[in-house]
Structure formats: structure tokens, C-alpha cells
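Asks: If you read the protein sequences in the order shown, they are chains A and B. Numbering follows the working numbering, in which position 99 of the first sequence is assigned residue number 99; successive positions increment by one, without gaps. With positions in the second sequence counted from 1, the corresponding number in the working numbering is that position plus 1000.
If you are wondering where the hints come from, they were derived from the structure by calculation, not from laboratory data. There could be a bad hint or two in this list.
Stated by the list, open to error - If you want the ones that stay clear, here's a sample from chain A, every Cβ over 10 Å from chain B, calculated: (1) A12; (2) G15; (3) V18; (4) N21; (5) S33; (6) L54; (7) E56; (8) T57; (9) R59; (10) L74; (11) K81; (12) S95; (13) L99; (14) Q100; (15) V109; (16) T110.
Stated by the list, open to error - Rough simulated footprint, nothing fancy, chain A against chain B, three-plus residues with beta-carbon under 8 Å: (17) 1010-1019; (18) 1061-1075.
By construction, the Cβ of each residue, glycine as well, lies at the ideal position given by its N, Cα and C atoms.
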Amino acid sequence: GQSLEQPSEVTAVEGAIVQINCTYQTSGFYGLSWYQQHDGGAPTFLSYNALDGLEETGRFSSFLSRSDSYGYLLLQELQMKDSASYFCAVRPTDSWGKLQFGAGTQVVVTP
Amino acid sequence: KAGVTQTPRYLIKTRGQQVTLSCSPISGHRSVSWYQQTPGQGLQFLFEYFSETQRNKGNFPGRFSGRQFSNSRSEMNVSTLELGDSALYLCASSLGTVVQETQYFGPGTRLLVL
């Protein structure tokens, strides 16, 4: 099976950089995804790492190292609108339609 | 292109009742997955449908069921509601042709069981 661990909460000021780590124990998966969810909203896809390395999408970057069972999401130039929960998720191999999620990290951005 | 839509957005039921939730996927998407989100358990996978067939199922009791129609719209049903079924129910759609496709989520249905 799979288990993913993330910090429960991170607080930072506007303009700062935040790194959300995700460590996992899994028997096999296709890649690591990141989703953002604002209070009362739907999870929104942010990034996907199929292979080891860094993926950059604007202010957000995501990294995966399968040998270290570790990934992270990097939020740069933090804005107030980035206050939300962030989830890492894996897609188990041969498991149609299923994402296995971490418990989520609440990011609080302060002025 | 319109996103994933879910109806109703909010629902209040009492214990023992049953409920049906609806999900319309993004046009062209044939896979619909359902998730339950609670503060205690987080996001948990319920089941996935593709071309009117259930392809995958999570670890939920038989009270939770679903179906998919020929237009890819999907419904999930919870019978004999329990207090612990209070949750945000999310559906997500994807093309459904490869396992590692990105899923796109709807806004969810918030169910409160009294």
C-alpha cells in the first residue's frame, strides 16, 4: 500500500518562499501530483512529476526523488491568495482512477 | 471548456435516509472517480467508473454505490446514512485512457447527516 506524510501547517509572510515536503512509503506508483484546495473549494491540479527531477510552473515548482522516497512543492513569491491546503498524491500502479492523498499541508500567508 | 459540475452543492439528511449525488464530467472525459473528504480521514477514494463500468473500488462498505450513464455522467448513492457519512463528496474526471492521467475535480457536494 501507500502512505504519504506532509507537515500539517506552514506559516510564511508575503513574498517569502515555502517548501512543502512529502515523504512516502509505497510499493509502486506512476508519479507524484500536487493539488491546491482553498477552504470550501475543489482540489485544483498544480503539478505532476512522472520522473525524478524538478518541474517548474510559474511561481510553483515540484521535485521528485524516487531513490529517497521524497518530493516537495516549492511556492515562491508568496501571495495572500496562496493561503490554502496543499496535497501530495500518488497514482498507484494498475489502479484505475485512484489517487492516494497525503493529509495535506495548510499554508498560511501573513502580510 | 466547462469544468466538472456536481449537484447538489449542499445537502442535509437524517440517519437512515439515503442520498444520491450527481457528477457531470468535463466534455470528452469518460472516467469519473469519487472521493470522500473528512477532517479526520482526509481524501479517500470511493470508486471509479469508465464507460458505464466500475473499474476500481476503494475500501468503503456496500452502502456506498455508484453508476455511470452513457453520456459519462455519474451518480453515487449512499443508503442507510450514518452520522459518520457527513463529508464533502468530490468527483473527478479524466479521459480514462491511461492510468497516470491528471484528474480534474468538481466543487463537491457537502453532505450533513443529522
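Asks: State for each hint whether it applies.
Replies: Verification of the supplied hints:
{"no.": "1", "hint": "A12", "verdict": "23 Å, holds"}
{"no.": "2", "hint": "G15", "verdict": "29 Å, holds"}
{"no.": "3", "hint": "V18", "verdict": "21 Å, holds"}
{"no.": "4", "hint": "N21", "verdict": "17 Å, holds"}
{"no.": "5", "hint": "S33", "verdict": "7 Å, violated"}
{"no.": "6", "hint": "L54", "verdict": "19 Å, holds"}
{"no.": "7", "hint": "E56", "verdict": "17 Å, holds"}
{"no.": "8", "hint": "T57", "verdict": "13 Å, holds"}
{"no.": "9", "hint": "R59", "verdict": "19 Å, holds"}
{"no.": "10", "hint": "L74", "verdict": "20 Å, holds"}
{"no.": "11", "hint": "K81", "verdict": "18 Å, holds"}
{"no.": "12", "hint": "S95", "verdict": "6 Å, violated"}
{"no.": "13", "hint": "L99", "verdict": "6 Å, violated"}
{"no.": "14", "hint": "Q100", "verdict": "7 Å, violated"}
{"no.": "15", "hint": "V109", "verdict": "22 Å, holds"}
{"no.": "16", "hint": "T110", "verdict": "23 Å, holds"}
{"no.": "17", "hint": "1010-1019", "verdict": "violated (count 0)"}
{"no.": "18", "hint": "1061-1075", "verdict": "violated (count 0)"}
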